[in-house]
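Trainee: With the hints as extra help, turn the sequences into a complete structure.
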Amino acid sequence: MMRWLPENISTYGAEIDWLFYLIYYITGVTFILVAGAMIIFLVAYRHREGRRATYTHGNATLEIVWTIVPALILVILTFLSVPGWTRIKSRLPESDIHIRITAKQFNWEVTYPGPDGKFETEDDQTFDNEVHVPVGKPVILHLTSRDVIHSVFIPQARFKQDAVPGRVIHQWVEVTKPGKYEIPCAELCGFGHSGMKGFLFVHTAEEYQQWLKEKWPS
Amino acid sequence: MAHPAAATASAHDVHAHELGFVRTYIFSTDHKMIARQFLFLGLFMMVIGGLLALFLRWQLAWPETPVPLVGRLIWPDSEGVISPAVYNMMFTMHATIMIFFVIMPILAGAFGNFLIPLMVGARDMAFPRLNMLSFWAGALAGLLMLAGFFVEGGHAAAGWTSYAPLSAIPQYSGVNWGQNLWCISLFVLGVSSMMGSINYITTIVNMRAPGMTMFRMPLVIWAMFITAILLLLALPVLTSAVAMLLFDRVFGTNWFNPAGGGEPLLWQHLFWFFGHPEVYILILPAMGIASDVLSVFARKPIFGYRAMAFSIIGIAFLSWVVYGHHMFVSGMNPALGTSFMITTMVIAVPSAIKTFNWLGTLWGGNIRFTVPMLNGLAFVSMFVIGGLSGIFMASTPVDIFIQDTYFIVAHIHYVVFGGSIFGAFAGIYYWFPKMFGRMMNDTLGKLHFWPTFVFFNFVFFPMHILGVGGMMRRIYNPMQYEFLTWTEPWNIFISVSAFLLGLGQIPFVINFLWSLFKGPKAPLNPWSANTLEWTAPSPPPHGNWGAALPVVYRGPYEYSSPEVPEDYLPQTRRLTTAGASSRAH
Ligand code: HEM
Ligand SMILES: [Cu+2]
Ligand SMILES: [Cu+2]
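Taken in sequence, the protein lines are chains C and R. Position one of the first sequence corresponds to residue 191 (the numbering used here), numbered consecutively onward. Position one of the second sequence corresponds to residue 6 (the numbering used here), numbered consecutively onward.
Mixed in with the good hints there might be a few duds.
Chain C is faced by these chain R residues, among others (derived, beta-carbon under 8 Å) [what the hints assert, rightly or not]:
(1) P89
(2) L171
(3) Y564
One-sided excerpt, in silico: chain C residues whose CB lies under 8 Å from chain R [claimed, not checked]:
(4) H247
(5) T251
(6) W256
(7) P260
(8) G274
(9) L282
(10) I330
(11) Q351
(12) F381
Cβ pair distances, simulated, as ranges [what the hints assert, rightly or not]:
(13) T394/C <-> E487/R: 19 to 27 Å
(14) L74/R <-> I266/C: 49 to 57 Å
(15) A250/C <-> I511/R: 46 to 54 Å
Derived by calculation from the structure, the hints in this document are not laboratory data. All C-beta atoms, glycine included, are put in the ideal place defined by N, C-alpha and C.
Mentor: Laid out in structure tokens, this is it:
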């Protein structure tokens, strides 16, 4: 399973991946130990005529140990998970790039506030299924939906957030590698759910300026 | 202690001979007949749920190609191709049927009904008529659910979780009566489970045989007891939620519709407040069955009986405060996410305790690899994988990526198939002799077990890899995405394995039906087990016991006790040597 995660292109992705691999190794070792013990017991204690099983109802010390050890590991995992979660989901960095993504059956409306930096003004522009961002800059996303719940998923950026009708959810992402990436919808939203797909265009700084000039001439 | 059931004993016996066909086989109030009815209902629905799964797998491996043989018959308009709308309907119904009409009827319905009175030493359930009503309400719910396949607009297609507003406003899914029937069916099922759980709890609390203290009950009864409490508290939440959803759909209320001032997340909170305890409703009885089966065939007392009972209680208690881990990226306040992560991590501890105690039970045993034991061992090892993959989702940052991918589908199946279904198979093979008075065939049993075990892993293990690679769940064609093109060979491998897994169930069907009518007559206690049900005739008559109720002298797991020369010591056997009968365990 080592290499199966898609390439990471966001600043917080590495933290998610690191936690993922940590849990992967912990659970992997646990599984090998448990399965190994089980196989050994099954072979060593298979039925033999005339032998009697050990008569025991348990062992308090053992039971305490195997309660405390997993509990400790889980406490540590919890502590390791909190900072990343808080950084990714509850703290918005400073940024002058705001993009509104409005999900609807079955595509993404992507709105830029234009040079004035304000939504709901003359210079707003909306694109279908195309999100353009510069590399290496935090971007604030305002997610909402017109009809049902959808979910913006950018696998390489380790970004996922439901877009819920009736509320605007503020999230952020900072991508580190130029390119074109798919944005599937991760929450069942009707018969067009599969294939509800947009694209994230990550531009270099110059390309991004170029794109802005093209879309907002003057 | 006065036992009301004892007083009516002779009345029961007399009745048994007077009942006609209808009262004996259809509208029976006998807990054993009701158990068989639940079992047949569950097995029948499993065929439908399983076939739906195979259609899903066909589509995922060979997207948009006509389904061979039956495709053109079922979907003539699309020349046998499964459309996206039909795909959504099928995974919705696959999951709904498997959870509500396969696992619940078999584990809680059939085994709960069959085992509780027999294992605690009662003549029947506390409220036999209510019990009968509970089955028939359940059967009606099943009928209503199946009816949805035939209504205009198709069946519910919003996932078994039916997130609003997709499920709440007919225009959004294009489904009208299918979703209404889904609501009504689950409403009726909620009523059924309410009647069942009241019966289980009352029977266990009030009708235990003399000497059967709570801590002399087999763990499977502990599991059923706690499951019944969860059912009693959790199902009404679902029942209310589906009623609200139905009101939104039919009467124009706006519980879940933001356009009318409603709140879509309210549905998720209600659904998962039911849904997480529900997961334990599905797994606890299987844990109980596995505990009993492992102890019997390892010929050893269960390791840490009290810790096992208390971890069942602990899991049930905690299951109420973890539900939010299904909603980490739903838009719920992230601070809540952190608190739900903490409780979720905590709930892993009792599961770990149980696993280690099962290992402890095997250690030093004298293990017989019978078919029930093989299924019990499969339960333990597969549940370990399902439990461990849960830790990935418990960690909030990792869940951001994993949520709604095939990793979840893998996890679900390791728990509900690797866990609950292997547990159900263990139970069926183990108690079949008592339930039907005949033995099942061992060779056919192994011919069923091994392909099931192997192909189960071939089907579901690679789904972890798909999920980690980012493949979303509930999509009907992964080939629509460039970043998923690499999944094609995996999807084909999984689907081929799924068809073989399906074929692997044929020996079970043959074995079950053949043994039902032609199997060799079962002796009283074919497995040399300790618990009370094995002291009743196979199958037990109406009223279960003769004139006197059994008297219990010890706990259920006295295998290989030094006090007797045999390697088992039934709960009812009285030892006359000094001190022997005073042993609590
Ligand atoms: C031959 C065996 C089975 C196969 C091949 C199979 C296949 C599948 C597939 C392909 C999905 C994913 C649908 C999607 O995301 O598009 C799924 C979902 C599911 N299955 Fe199964 N399944 C099998 C048995 C079972 C059993 C025995 C149970 C429960 C007892 C079960 C419960 C579920 C649940 C709860 C879901 C979640 C559906 C959702 O995402 O809403 N499955 N199954
Ligand atoms: Cu969508
Ligand atoms: Cu969607």
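Trainee: Hint by hint, note whether the structure agrees.
Mentor: Comparing the hints with the structure gives:
no. : hint                          : in the structure
1   : P89                           : holds (5 Å)
2   : L171                          : holds (4 Å)
3   : Y564                          : holds (6 Å)
4   : H247                          : holds (5 Å)
5   : T251                          : violated (12 Å)
6   : W256                          : holds (4 Å)
7   : P260                          : holds (4 Å)
8   : G274                          : holds (4 Å)
9   : L282                          : violated (11 Å)
10  : I330                          : violated (15 Å)
11  : Q351                          : holds (5 Å)
12  : F381                          : holds (4 Å)
13  : T394/C <-> E487/R: 19 to 27 Å : holds (22 Å)
14  : L74/R <-> I266/C: 49 to 57 Å  : holds (53 Å)
15  : A250/C <-> I511/R: 46 to 54 Å : holds (47 Å)
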